[in-house]
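K.L.:
Position chain U against the provided structure of chain F, taking the given hints into account.
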Amino acid sequence: MPDAILGEFEQLVLLALARQGADAYGVSVCQDITDRTGRDVSLGAVYKTLERLEDKGLVQSRIGEPTAERGGRRKKHYQLMAAGQRALRQSIGALRSMTRGLESELEL
Amino acid sequence: MQPPRLARWLASVCVPPQEREFLLGDLDEQFAATAVAAGPSRARRRYWRQALGAAWRLRVRRRGRRFPAGSSGGPRSVARSAPMANLLHDVRLGVRTALRSPGYTMVSVATLALAIGANTLLFSIASPLLIRPLPIENPDRLGWIEMNHRERNITRGEASLPEYLEWRGELSSFSALAAWSRRPATLVGDGDAEAIVASRVTTNLVQVWGLEPHLGRLFQPGEDEPGREPVAVLSYRYWREAYHGDPGVLGRIVLIDSLSTTVVGVMEPEIEIGSVSEIDVWLPQPRDPSAPRDLRTVTTIGILASGSTLESANAELASVFANQRREHPEATQGWSPRVVSTTAALASEDSWIVLALLGVVVFFVLLIACANLTNLTLARLLARRRDVMVRVAMGASRWRVVRPLLVEAGLLSVAGGLAGLGLAYGGLRVVNAVAYESYFRQVSIDGYVLAFTALLAGLTPLLIALGPALWTGRSIAAGVGPGARVTGLRGARRGRNVLVGAQVALALALLVVSALAVQSMYFLQQTDLGLDPARMLIWNFELPADRYGDQDRQAQYVRALLAELRAMPGTDAVAVASHLPVLESQVVRTLAGTDRDSAVEGEQPWAQWYAVTPGFFEAAGIDVLAGRRFEDRDDDVGQAVALVSRMAAERYFDNAGDAVGRTIALRGADLAERRVTIVGVVSETRDTSVTSTHPQVYVPLDQWPEPTLTAVVRATGDPQDLAPGARAVMRALDPLVAVRNLKTLPQVIHEALSSTAILNGLFVSFAALALALAAAGLFGVISYSVGQRAGEIGVRLALGASPGGIGRMVVFEGLRITAAGVAIGLVLAALLARTGASIMYGVTPTDLPTFAGAIGVVVAVAVVASWTPALRAMRVDPARTLRAE
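Chains as they are written, first to last, in the numbering used here: chain F, 1 to 108; chain U, 1 to 885.
Excised from the complex, chain F in its bound form:
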């Protein structure tokens, strides 16, 4: 079975993980997407997506250290896995091939 095509938000989350390396977590993903797309992203949506991606085996998580600014709570860090990278590549490839030849028309 070929990998399922990623949803749009899933792509955004995976891309944010790809940019941030091993230290990405809820707030940083949220902030990155907000900064780059101008969308006010809900933490709940990010959490939900990350969990789903983890279920699908595209990302993996590890528990970080507690910090004072979080009221002594720990972070849950997420990292892109090889399968995730592959899914991202396929998705973007699909997007590219779909847009090929439409650059001038869509003013891309």
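I should point out that these hints are in silico values taken from the structure, not numbers from a laboratory.
Owing to the predicted nature of the structure, the values given are computational and were not obtained by experimental measurement.
You can take every hint at face value.
Chain U side only, calculated, beta carbon under 8 angstroms to chain F, not exhaustive:
id: 1; residue: E19
id: 2; residue: E21
id: 3; residue: L24
id: 4; residue: G25
id: 5; residue: L27
id: 6; residue: D28
id: 7; residue: E29
id: 8; residue: A32
id: 9; residue: G53
id: 10; residue: R57
id: 11; residue: L58
Beta carbons are placed, not taken as given, at the ideal position from N, Cα and C, and that holds for glycine.
P.N.:
Coordinates of chain U only, in the frame set by chain F:
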């Protein structure tokens, strides 16, 4: 700075534990960053949004995760078996059902809102009496001493100061016995004299009631002994109004009734409930044993000593009073004291009856509303009966079948309760606005009322779902099969008919009771008071003792006032009186020298006594029936004269015509016997209760001077137009004489009747509500029955039945139910009416026209409610039904 705690709590309970820590940490971190970048309020808003969003998404998500990968989309509820999960499922189902049929939902919610609203409204009116009569300590341990006088129709009367002082010394049933009285007073602060309401209390009232000062101090023991430096405590309300809450008022000296008085404190605001809120200033009651014994103005309250009860206190009081009666037969004649509980002291028996009746009324309204909803629910259940049968057959328990109904009813009740609370609030605003009595002006929705409404909203679903639950049970018992369907159906239909019959019965009973109440009100309003209230302007004033101490000065002031008032354009007649008949509390004298003289205590002739100036009878519109009225020659050097009312002349003289010219003696405990010659007979006026009349005697004010007076002006036009002029005259004559209660008589009467009007308004609106709901129920049942029988009706029409006959058949079905309801309703109405007999006036509780009229209205409404379905039945197209068959 902390994130909103409620939002964090919501997020933490909703989010699955494995994510909780990280999410809350992220939320906090984001909050801190947003607070720095965009300020605390933006941060807080964002936190709320993020927390709720996360709570919602992650909660929904968790549910889905229970299914292993690949089975996503399976029926979630099947996998969830915990009771709470089932309930949630039913709630969602209920909301969906309600939204699917908005018409049904709106009607149901509106019905419940009206019923719950009516109950809430009444409860909020009654709850101060039921729950917190006064914010006093240990109301259960208090005993209130009431004075009753059966012959004069006085209940819950007051005692005299000397009586109280003797009780205080002798009664051992009370560990403390306090007294308080209320009377108007005049206060002069910085400017003109101001009319205030003063409460005079013995200093131990502070302990008996457990009063606390808001500012400064209350009275100290001994400050109520005669000859002490006068001190005053302002009420919180008056302090705010007159001194704008200035704490510097402590230590200030004001003139109260011409006495230099030091303000020592401000009373706590919590005590301002009911009539206590009208008090402006609290003063010590000087404990003066030489005060007149028949001046009954003090309310006596004591703390029951440990070991004594109301009964033992009553027994002791009776024996002490027997001694007092021996020593002062004149002043105590006819009086008897009684110790009662706080609840009994604060509301008269009549107001309990009114409240109880209204309580029954609103409860009936609730029952009717529930019956309507039960009917609707049953109808819907019948429509789904196959579904129910199948579920029962597949092993669903009765509880499983009924629970969705219960939950649905619960949702409707919650919505209805909220809407009802809104209605009750609106109703209370109306009551507050139209009321004059402080009690009604202050009723409000408080915690108790909210709890009561919540209780009702919780109880209602049980009432609604009870019928359907029983029916479902029966259908289970009948088993599932071709026959079971019919049995169940018939049972349910009978159940619905019984419900509608009960509604009709309740509505009829309510209609009768409210019609009787309204008629009582009408007759009360129509009663001839004995004086002509139109165009009358009245006000009270008091001549300060320091400058009007001698009677010449008083008479001089009255003469000057009358002259000034007479000179005002628009006045027809003017007079001054010691007090007014009908409106003001009465002074009573015993008579001697009549044909009914008696040595037996309690049987001596007596009369209500008034001192008036010559123009009084014209000004008040009281007719002189025989002899002459007072004239200017009846002054302090003239012959001592009196006028008696017709009732006094008839009751106390062998021949009523002989009264004129007789000389009688007037007696009172506070005055030496005075002989007067009767020079005329006047028409009688009503008692303050308006419902009774007593003998009356009038004397010239010049011969019986009084410092506390009432002015009466009869205008040629609108009496209200004379009010500013009257004020100006009073001010010009002496600015230190305060004008009190300046009102037109129609206004006074309107205010006096406003409480009754409110209660009647409640009766009528509740009865109308009940009738409308019952009509809706009848309409629903008949309509439904026509719908069910469309086939049968079609066949009948096809076989030659006339449409008129079909219409009659349908209406007859409605009337059959109504007739049964009317029969039961009549019994119920008679019982209710008899309970309320004591508050009825001018109409008997078995008034035939009222009962007949109520039956007529109910039957007419029933015909109308059945007529629309009947029309539909007549228009059934036989061809179409036959095809359908």
